[in-house]
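**Q** Listed in order, the protein sequences are those of chains A and B. Residues 509 to 708, numbered by my numbering, are exactly what the first sequence covers, in order. Residues 509 to 708, numbered by my numbering, are exactly what the second sequence covers, in order.
Keep in mind that the hints were calculated from the coordinates and are not lab data. Careful, some of the hints might be misleading.
Unchecked claim - Here are the simulated DSBU-like cross-link-like pairs (lysine-lysine), alpha carbons at most 35 Å apart as the crow flies:
hint : chain 1 : residue 1 : chain 2 : residue 2
1    : A       : K689      : B       : K601
2    : A       : K601      : A       : K537
3    : B       : K689      : A       : K601
4    : A       : K585      : B       : K601
5    : A       : K601      : B       : K608
6    : B       : K689      : A       : K537
7    : B       : K585      : B       : K537
8    : B       : K585      : A       : K608
9    : B       : K608      : A       : K689
10   : A       : K537      : B       : K537
11   : B       : K537      : A       : K689
To be verified - Listed next, the stretches of chain A that the computed footprint assigns to chain B, with coverage defined by at least 3 CB atoms under 8 Å from CB atoms of chain B:
hint : region
12   : 526–533
13   : 552–558
14   : 572–583
15   : 636–643
16   : 656–668
17   : 696–705
What the hints assert, rightly or not - Facing chain B, a subset of chain A residues (Cβ under 8 Å, in silico):
hint : residue
18   : M509
19   : R517
20   : P619
21   : G628
22   : V671
Glycine included, each C-beta is placed from N, C-alpha and C at the ideal position.
Protein chains: 2
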Amino acid sequence: MEFDEVVRRRRMVRDYDPDRPVPAALVDKIVRHGLRAPSAGFSQGWSFLVLTSPADRDLYWAVTADGSNSWLTRMRKAPLLIVALSNRSAYEKRYAEPDKHWTAPLEERWPVAYWDIDAGFAALLMHLSAVDEGLGSCFFGVPVPAVDRFREAFGVPPEFTPVGTLSVGYRAPAERSPSRKRGQRPLDDVVHHGRWASAR
Amino acid sequence: MEFDEVVRRRRMVRDYDPDRPVPAALVDKIVRHGLRAPSAGFSQGWSFLVLTSPADRDLYWAVTADGSNSWLTRMRKAPLLIVALSNRSAYEKRYAEPDKHWTAPLEERWPVAYWDIDAGFAALLMHLSAVDEGLGSCFFGVPVPAVDRFREAFGVPPEFTPVGTLSVGYRAPAERSPSRKRGQRPLDDVVHHGRWASAR
Numbered sequence: 509m510e511f512d513e514v515v516r517r518r519r520m521v522r523d524y525d526p527d528r529p530v531p532a533a534l535v536d537k538i539v540r541h542g543l544r545a546p547s548a549g550f551s552q553g554w555s556f557l558v559l560t561s562p563a564d565r566d567l568y569w570a571v572t573a574d575g576s577n578s579w580l581t582r583m584r585k586a587p588l589l590i591v592a593l594s595n596r597s598a599y600e601k602r603y604a605e606p607d608k609h610w611t612a613p614l615e616e617r618w619p620v621a622y623w624d625i626d627a628g629f630a631a632l633l634m635h636l637s638a639v640d641e642g643l644g645s646c647f648f649g650v651p652v653p654a655v656d657r658f659r660e661a662f663g664v665p666p667e668f669t670p671v672g673t674l675s676v677g678y679r680a681p682a683e684r685s686p687s688r689k690r691g692q693r694p695l696d697d698v699v700h701h702g703r704w705a706s707a708r
Numbered sequence: 509m510e511f512d513e514v515v516r517r518r519r520m521v522r523d524y525d526p527d528r529p530v531p532a533a534l535v536d537k538i539v540r541h542g543l544r545a546p547s548a549g550f551s552q553g554w555s556f557l558v559l560t561s562p563a564d565r566d567l568y569w570a571v572t573a574d575g576s577n578s579w580l581t582r583m584r585k586a587p588l589l590i591v592a593l594s595n596r597s598a599y600e601k602r603y604a605e606p607d608k609h610w611t612a613p614l615e616e617r618w619p620v621a622y623w624d625i626d627a628g629f630a631a632l633l634m635h636l637s638a639v640d641e642g643l644g645s646c647f648f649g650v651p652v653p654a655v656d657r658f659r660e661a662f663g664v665p666p667e668f669t670p671v672g673t674l675s676v677g678y679r680a681p682a683e684r685s686p687s688r689k690r691g692q693r694p695l696d697d698v699v700h701h702g703r704w705a706s707a708r
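Build out the structure end to end from the sequences listed, making use of the hints.
**A** In structure tokens:
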């Protein structure tokens, strides 16, 4: 698909055809695209946890979801979950290497957590790749109270933080998210030319 | 360009043709693609500061760069800079609305800063759009000690944090980043199927 078309079609899809799994070759292609995301110092501190079997997906929802609601009923139909995780220690190690040799803690250099941003980049590339392959996908977070349960259930080491999960599958006919009714913020409200206050 | 081709060609470009500005229609298309990034609750808390005039770009480098080096000499040639900024307060406001009605602070819900992640999403979409248009671009941070100077120089309100800057322009023949020599992490090292420890 043309890149512009992927950008135009991209939206969060929250309902899936539960009887149509994502072919293994597409799972592979999607995660390989995630590996092509940019990262600070090419640290590539991300990891992806891929869940395809019903038992693994049930476990994911059991440890992360709270109660039952219509969002969950629809999201549980997704035949593929990919959890994108960040690893701050990979960036500390990378930036201590001779070509960087940073000695101060990373937050004295960086106003934001690039280990999380970069794992987010990987997730967005996988989300766009799903669109490109005619699939629907949704990016959502693991709630703080569930993070330890999630780590324990899947054997995730403590230095990895779940930045977000992509549900992926073939779309069911879906209503649009109520959040979309808010409308897109107008260009002139978001974009500032030259100075903050300037009109275009 | 096909989406796959954009993903394959994407890399950080750090040297530009200083005599070839980015046409205004392309600047507009790139920032409009940024507006199409996903955001938690459709909060769209990002803002973009677009710098095209030589005076504005000089000011950016004067307040953010430290000393002189070959990286800076090449990067200064970029005819377009887009600073992507995040705004945590937009998320606090959004999640206090009736359909969400969260009362706890966001960090008790979210293990990562989605206001930063989402501004990063917008930056990645603009970076990919530049590739799609035959341009080169590089994403890099504003160092912590420069953030206040940067805000003051461009009249940026304190609630906005620069998540990163995209330099954009037509590519000069460039050497590849030395970080690339590290090679891409192997798939099996990044991707975990079903459980963390599982081999594929």
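**Q** With reference to the structure, classify each hint as holding or not holding.
**A** Hint-by-hint comparison with the structure:
no.: 1; hint: A:K689 - B:K601; verdict: holds (17 Å)
no.: 2; hint: A:K601 - A:K537; verdict: holds (29 Å)
no.: 3; hint: B:K689 - A:K601; verdict: holds (17 Å)
no.: 4; hint: A:K585 - B:K601; verdict: holds (31 Å)
no.: 5; hint: A:K601 - B:K608; verdict: violated (39 Å)
no.: 6; hint: B:K689 - A:K537; verdict: holds (23 Å)
no.: 7; hint: B:K585 - B:K537; verdict: holds (21 Å)
no.: 8; hint: B:K585 - A:K608; verdict: holds (23 Å)
no.: 9; hint: B:K608 - A:K689; verdict: holds (14 Å)
no.: 10; hint: A:K537 - B:K537; verdict: holds (28 Å)
no.: 11; hint: B:K537 - A:K689; verdict: holds (23 Å)
no.: 12; hint: 526–533; verdict: violated (count 0)
no.: 13; hint: 552–558; verdict: holds (count 6)
no.: 14; hint: 572–583; verdict: violated (count 0)
no.: 15; hint: 636–643; verdict: holds (count 3)
no.: 16; hint: 656–668; verdict: holds (count 4)
no.: 17; hint: 696–705; verdict: holds (count 8)
no.: 18; hint: M509; verdict: holds (5 Å)
no.: 19; hint: R517; verdict: violated (10 Å)
no.: 20; hint: P619; verdict: holds (5 Å)
no.: 21; hint: G628; verdict: holds (4 Å)
no.: 22; hint: V671; verdict: holds (5 Å)
Hint compliance for this structure: hints 5, 12, 14 and 19 are not met, and every other hint is.
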